[in-house]
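Let chain H serve as the given structure and place chain Y on it in line with the hints.
One letter stands for each residue in the lines below.
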Amino acid sequence: MKVCHAPETVAVLEIAKPAVEFKGVRKVFQSRSGPLEVLRDFSLVVAEGEFLAVVGPSGSGKSTVLNLLAGLDMPDEGHIACNGAPVDGVNTEIGYLTQHDSLLPWRTVEENVAVPLEIRGVAVSERRDRVHAMIASVGLKGFERHHPRQLSGGMRKRAMLARTLIYNPSTILMDEPFGPLDAQLKLVLQAELMRLWSESRKTVVFVTHDIVEAITLADRVVVLSPRPSRVKLGERIAIGRPRSVHDVRFAPAFEDHYRRLWGAIETDIGRQPHDQQ
Amino acid sequence: MTSNDVAAPSRRPRVGMAASSWRVSRIWVYRLLFAAAFLAFWQFASGRLADPFWISSPSAILARLSEWVRTGTLQYNLMITFKETISGFLMGATAGVLAACVAGANDTIRRTVDPFVTAVYGLPKVALAPLFIMWFGIGMAPKIVLAAVSVFFLVFFSTLSGVREVDHKMVEALRTMGADRLTIQRCVVLPAAMPWIFTGLKLGLPYGFVGAVAAEMMASNAGIGFLTQNAAGQLDTAGVFAALFALMVVTSLLNEGLGRLEAWIFRWR
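Residue numbers (our numbering), protein chains in the order written: chain H, 15 to 291; chain Y, 44 to 312.
In isolation and in its complexed conformation, chain H is listed as follows (with noise of 0.2 Å):
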């Protein structure tokens, strides 16, 4: 299995179920200056009830890893499957939770919350509770009847992960959600998805370019290589659950994993091809 190349990480896949496998992907994209290669012979495995943080410099194919997934992009070689079976189109046993605002405007917080159900055809009166049951828990109580336009960055922020969540997918996929986001607002807001995930533990497959972040969130990080990407590094967080975002970073872990997740991402930084743009 040269999924990873951590040993730790290989020995603890032999144990769980795959959710998520990516095989020898590449993955080519066609720009006005020719042809991109974004990925190539990368292969992951996530396993189920997983946490993993994905970081690379910026450039390198850590959302097209996530659209692949999706099945929004389609891989030029390899193979992919989700919860074992081969993704070959939109893939809707995933939740995805993009960095952009994708909640529908013209739509209040609940409405736009009971999307999926409604495409799902939940009946009005299940639906009308799993809905607030859900703002409830996300921490919108009371701006049920909001536009998103009302809301600040971080309430549409709540409002996409309920969205998300309502309708259980068994696969999560974040894509640097709390990017924008302040500093304060960022570890509120991890702290929420640490206690949701901890309730549920779905998988997730979690897009970042904070380190801290990774190592605050996630049970492993793997780090990806530049253009055309593949996994360069795997380590899995040595900090147990459940962990307050704010202490973290005094566990005594923490300074090594950072140090050599650092170490992997800063060879490359500045060295990323600029052949985009």
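Honestly, the hints are just simulated from the structure, not real lab data.
These numbers were taken from a predicted model, which means no experiment stands behind them.
From the three backbone atoms N, C-alpha and C, an ideal C-beta is built for every residue, glycine too.
You can trust all of the hints, since none of them are fake.
DSBU-like mimics (lysine-lysine), calculated; alpha carbons at most 30 Å apart, straight line:
| id | chain 1 | residue 1 | chain 2 | residue 2 |
| --- | --- | --- | --- | --- |
| 1 | Y | Lys245 | Y | Lys126 |
| 2 | H | Lys37 | H | Lys216 |
| 3 | H | Lys31 | H | Lys246 |
| 4 | H | Lys246 | H | Lys37 |
| 5 | Y | Lys212 | H | Lys216 |
| 6 | H | Lys216 | H | Lys31 |
| 7 | Y | Lys212 | H | Lys155 |
| 8 | H | Lys37 | Y | Lys212 |
| 9 | Y | Lys245 | Y | Lys212 |
Far from chain Y, some chain H residues (derived; all Cβ distances over 10 Å):
| id | residue |
| --- | --- |
| 10 | Gly38 |
| 11 | Arg46 |
| 12 | Pro49 |
| 13 | Ser57 |
| 14 | His93 |
| 15 | Pro100 |
| 16 | Ser166 |
| 17 | Leu195 |
| 18 | Met208 |
| 19 | Arg215 |
| 20 | His260 |
| 21 | Phe264 |
| 22 | Asp270 |
Have a look at the derived ranges for each label pair, beta carbon to beta carbon:
| id | chain 1 | residue 1 | chain 2 | residue 2 | range |
| --- | --- | --- | --- | --- | --- |
| 23 | Y | Gly165 | H | His160 | 45 to 53 Å |
| 24 | H | Gly73 | Y | Trp65 | 54 to 62 Å |
| 25 | Y | Arg224 | H | Asp55 | 30 to 38 Å |
| 26 | H | Arg215 | Y | Leu225 | 33 to 41 Å |
| 27 | H | Gly73 | Y | Val145 | 36 to 44 Å |
| 28 | H | Arg159 | Y | Arg224 | 25 to 33 Å |
| 29 | H | His160 | Y | Ile98 | 56 to 64 Å |
| 30 | Y | Trp65 | H | Val104 | 54 to 62 Å |
The following block gives chain Y in isolation, referenced to the frame of chain H:
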């Protein structure tokens, strides 16, 4: 003292509102003055500066209008034109939105029909009136069809540009939630294109009206267009102006109604 302190901050916006509403009412005073001056000059000019045979006079027009209202001529003909416009508008707008959704969802269809649609769009719609009168006679049908055709193109092009501008992020978000194409059209594409659709509707309404009235002028026995044409045929200048005035009132009312509907639909903005 406390009540005074509480009241103080709310005073400022009230003053502002009073000032702005005073500004609005002042404009209304100016508008009335302008209309009064214009009508007074017209009344004065009639018979002094120009022959009333050509320009009639506000008093003669008012007399004609009140006569028409008394005999029911105005209401009857207005209702005919109104029905033609609204039916044509609804048909043309519905067809325009649906066609734009299909063309927007399928790039091959859009690119195939684009030159043909553009070519027909370039025709002055009035030029189609004789054809429709030939096909459908002189009743309401040809007027409705001409109004519908006039509205269709404006709504179609406007909706199409809206449909093509839809934020792809929203579409992808719904796709990963398992939405099929129809659901995406209903939940994302249509609401997102609403502002463009409305622009098309607002442009289209007067054109639909023009279509109906133009067809009435060519061949009919009822409607405001007929009334205008009939008055002109009898060299009744006051009658022509009275009919034009009625037309003006109707378009203003239609536009006002559409504006209110728009404000209600876009209350989320």
